[in-house]
Amino acid sequence: MKPARLHAPGFDLKLTLESGQVFNWHTHDDGFVGLIADRPARIEQRDDWLFIEGVTPETVVHHFALDHPMAEILDSFPEDEAMRAATAACPGLRIMRQPMWECLGTFITSSMKQVPHIRKMSAAVRELWGVGVDSPWRPLFSYPTPDKLASASEADLRACGLGFRAPNLLGTARMISEGSVKLDQLASLSDDEARAELCKLPGVGEKVANCVLLFSCERMAAVPIDVWIGRVLREKYFVRKRKVTASRLRDFADSYFGPYAGYAQQFLFHHARTTARKKCRDNVRINTSPLPHVH
DNA sequence: CTCCAGGTTCCGG
DNA sequence: CCGGAACATGGA
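Counting in the working numbering, the first sequence runs from -8 upward without gaps.
Calculated from the structure, these hints are not laboratory results.
Treat the hints loosely; a few may be bogus.
[Unchecked claim] Cβ pair distances, simulated, as ranges:
(1) Gly1 - Gly154: 18 to 28 Å
(2) Val218 - Ala(-5): 14 to 24 Å
(3) Ala(-5) - Val230: 44 to 54 Å
(4) Asp242 - Ala(-5): 40 to 50 Å
(5) Arg233 - Asp125: 56 to 66 Å
(6) Arg75 - Pro250: 16 to 26 Å
[Claimed, not checked] Taking lysine-lysine pairs in the DSS-like style, the calculated list, with each CA pair at most 27 Å apart, reads:
(7) Lys191 - Lys139
(8) Lys234 - Lys104
(9) Lys232 - Lys173
(10) Lys232 - Lys198
(11) Lys232 - Lys191
(12) Lys198 - Lys5
(13) Lys111 - Lys227
(14) Lys(-7) - Lys5
(15) Lys(-7) - Lys104
(16) Lys227 - Lys173
(17) Lys198 - Lys111
(18) Lys104 - Lys227
(19) Lys139 - Lys198
(20) Lys173 - Lys191
(21) Lys104 - Lys139
(22) Lys191 - Lys227
(23) Lys5 - Lys139
(24) Lys173 - Lys198
(25) Lys5 - Lys173
Heads up, the beta-carbon is just placed ideally off N, CA and C, and yes, glycines get one too.
Whole structure, please, built from the sequences with the hints as guidance.
So, in structure tokens, the structure goes:
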């Protein structure tokens, strides 16, 4: 496929790929390499232009949701200080359109893990049971199908470092494989119905279900509430309130942020994480600075 | 060595 | 309904 160029003003490839919604892209020189629908792709951004190899620009537009109405989305957010700071910090961040099964599988393994760990576990699962895809840039592996994964053993998955998540991923793969939950039927359900259906799967609770709805089902109102978002909501919207329960947070998130609440969540999430990392670096600097000697 | 990480599930008030 | 605890693993 011929290399192509795509004008993508207001889009930030690096920010989008490193915002914790997707775990299977690799840096390659000044660009990124990964699979889109099992086709190897290399994308590099220079200013407002994307340089694309391996797939069509149309594929990139769809996968990275370059067609999302960002002006309308930003306009729909509530006006408060936390949202203003978060949106200002995240220009160009898009919520991608991921394949459902892969999104579900990786987020099942995400519980109590940091992003780099999730990437590592996911890579191990791909390399053991996925299909190797020829790529000019680096070896790539598709995410194994439910059928393929269903044939693995729990011990196999534990060997990938999944720990207690192994039986969850395995059990979910088996249920999808048997057809007791049908992912391709979710589209016809309401948000609540689809969420309930996903929650039938082992290892899938509200948070993971909402990740799947938001990142792979175009349900822009779905708000995954993890520890980070929980912290942000408590600090910014429940100031000095005692004992804000999880269901209270969920009700608030569902009613306050509007039709694109999932986008609001992703901006708040990324902003919280980046400012926390900065704070962490500052602390390290302070702690490692030489102590004054007292004689 | 200790602490905690994009949670879920089960159990006892 | 709500709070606690167990659940593996690895990196800081």
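- Proposed proximity, Lys173 with Lys5 (alpha carbon, max 27 Å): violated (33 Å)
- Item | Lys191 paired with Lys139 [C-alpha distance capped at 27 Å] | Holds, at roughly 21 Å.
- Message: Given the hinted pair Lys173 and Lys198, is their Cα-Cα distance within 27 Å?
- Response: Holds - the C-alpha atoms of Lys198 and Lys173 are around 19 Å apart, at most 27 Å.
- Message: Can you confirm whether the C-alpha distance between Lys5 and Lys139 stays at or below 27 Å?
- Response: It is violated: about 31 Å lies between the C-alpha atoms, which goes past 27 Å.
- Query: Taking only the CA atoms, is the gap from Lys234 to Lys104 under or equal to 27 Å?
  - Reply: The hint holds at about 25 Å.
- Message: Assuming the hint says 14 to 24 Å, is it satisfied by the Cβ distance from Val218 to Ala(-5) or not?
- Response: Once the Cβ atoms are compared, 40 Å apart, the range 14 to 24 Å for Ala(-5) and Val218 is violated.
- Task: Starting from Lys198, check that the Cα of Lys111 is at most 27 Å away, please.
- Result: holds (21 Å)
- Does Lys227 lie within 27 Å of Lys111 when you go C-alpha to C-alpha? With Cα atoms ~33 Å apart, Lys111 and Lys227 exceed 27 Å; violated.
- Query: Are the Cα atoms of Lys173 and Lys191 separated by 27 Å or less?
  - Reply: Cα-Cα ~11 Å, so holds.
- Query: Does Lys139 pair with Lys198 here, judged by a C-alpha cut-off of 27 Å?
  - Reply: holds (26 Å)
- Item | Consistency of beta-carbon spacing, Pro250 to Arg75, with hint 16 to 26 Å | holds (19 Å)
- With a cut-off of 27 Å on the C-alpha distance, tell me whether Lys232 and Lys191 pass. Since the Cα atoms of Lys232 and Lys191 sit roughly 33 Å apart, the hinted pair is violated (cutoff 27 Å).
When the structure is compared with the earlier hints, violations turn up for hints 1, 2, 9, 11, 13, 15, 16, 22, 23 and 25 and for no others.
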